[in-house]
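Quick note: the sequence shown uses this note's numbering, first residue -13, plus one each step.
These aren't lab readings, by the way, just hints derived from the structure by calculation.
Predicted model only: the values in this text are computed from it and were never measured.
Ideal Cβ positions, reconstructed from N, Cα and C, are used throughout, including at glycine.
There could be a bad hint or two in this list.
Claimed, not checked - Listed next, with one range per pair, are the computed distances between beta-carbon atoms:
hint	residue 1	residue 2	range
1	107	218	32 to 40 Å
2	409	264	47 to 55 Å
3	308	107	21 to 29 Å
4	175	155	32 to 40 Å
5	218	401	49 to 57 Å
6	244	130	15 to 23 Å
7	60	40	29 to 37 Å
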Amino acid sequence: MEEELKPQTGLVRTIGRWSLAALMVNTMVGASIFGLPALIAARLGPWSPFGFLVAFAVIAVIAACMAEVASQFQDAGGPYLYTRVAFGRFLAIQNGWLTWLTRIAAASAVANLFIIYLAEFFPAVTKPFSRAAVLIVLIGFLAAVNYRGVAGGNQLSNLFTVTKISLLGFFVIAGIAALAFHPNIRVNLAPIHPTTSAWFEAVLLMMYSYAGFDAALIASGETRDTRKDIPVALFSAIAATTLLYVAVQYLVIHTIPNAGASVAPVVDSARRFLPHWAVPIVAAGTLISAYGYLSANMLHTPRVTFAMGDRGDFPAIFARIHSRFRTPHVSIVIFAALLLIFSIAGDFPGNAMLSIVSRLFVYGSVAAALPVLRKKHPNANAFRLRAGVLISALALLFTTVLITRMHRGEFLVIAVTAALAFANWLWARNRTIGFAPET
């Protein structure tokens, strides 16, 4: 007996190809681009722009697996759903918890970065009451927009994407022009020879900077043409993001002396070639980037618990759809509440590391699902990779090697998450499954 998905009819399919690509760019180009260039420069020095090309190769292999697997599904749910069909209920619930916690942790980390950067303009926001009030307003507004309809959340995500990319584009164009016409500002780079360990650490950091390319797949139940739109949106978004990262990294290392020691590398770089009045604009871009990331997460993350509730893996209340707005309103409210709790109680480093670790496990599970789904559905009307099984094996190899670079603390968090997911499975195993057996 083989499990087959039945299309959902409750959700409205309003997300087009380029809206999906914009959502992916928005989730990838988050606040990390304003801080990670210094960490990468500290490890790779003048090789750091090329490091993003290495990271692109790794991400492209993983994304290729994502594209094929995701194109076989018409429902919301993302990697949780793919694992459900490929490996069964137990591993799907494990993956669903990892995906959900990844999104909550990543979004709460960025929410904390938003407060940090906002303090550059309004120092009082670091006080406990003011900090909590700002977080309530930010998260509450996004929850309200998405509660009323995915189209509204989709349009807001597009607005933040255009604004953010325009500001980063301004930074890149102005910086390249400044280096061309004022070569005296160029920093002479000392040659270094990065170790293997430094390369691994740098690629791992870059994986965090790409985090989120898979996130929009969770909302595939609201994508107009899943099979055609997902592959194009994935590769377009990753390629565009890589070009942007290479340009930003190049400018940072060529305009800041000892770029690896910078705390705010993009802003420090802008001070070297932009007039004083323009530097705050770049700083404001950090805020827009962080808030845009939150807007995208508020759109796609509640679809995880919606999909799990719809199939009996979470309580059915998570799968409720608003009678007027046709959105998974309960899942949206619960995610917003958890995001607010994590944001107020937590900090950036802890939540960011949790996001990285759990995301690697999710990537590996999707890569492992590819050959299994091919065997289960050999004639599926879906996007098919050439040498797909080989690409799947490479993706598994990449994720496994990167996981081995993690520290004991991150593995402890994964173990706790797995235990919670196991308890969830014990509760859900005899409850209704939202699948129909294939005859």
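For this session: Determine whether the Cβ-Cβ distance between residue 107 and residue 218 falls within the hinted range of 32 to 40 Å.
Result: At roughly 39 Å between Cβ atoms, residue 218 and residue 107 fall inside 32 to 40 Å, so the hint holds.
Problem set entry | Range agreement (Cβ of residue 264 with Cβ of residue 409, hint 47 to 55 Å) | 53 Å Cβ-Cβ, so the 47 to 55 Å window holds.
Exercise. Taking 32 to 40 Å as the hint, is the beta-carbon distance of residue 175 and residue 155 inside that range?
Worked result: About 24 Å separates the Cβ atoms of residue 175 and residue 155, which means 32 to 40 Å is violated.
Problem set entry | Hint check for residue 40 and residue 60 - Cβ pair distance inside 29 to 37 Å | Once the Cβ atoms are compared, 35 Å apart, the range 29 to 37 Å for residue 40 and residue 60 holds.
Exercise. How does the Cβ-Cβ distance of residue 244 and residue 130 compare with 15 to 23 Å: does it lie in that range?
Worked result: violated, 45 Å
Exercise. For the pair residue 308 and residue 107, does the Cβ-Cβ distance stay inside 21 to 29 Å?
Worked result: Cβ of residue 308 to Cβ of residue 107: about 36 Å, so the range 21 to 29 Å is violated.
Problem set entry | Satisfaction of the hinted span 49 to 57 Å by the C-beta atoms belonging to residue 218 and residue 401 | Violated - the Cβ-Cβ distance for residue 218 and residue 401, about 38 Å, lies outside 49 to 57 Å.
The structure does not agree with the numbered hints 3, 4, 5 and 6 stated previously, though it agrees with the rest.
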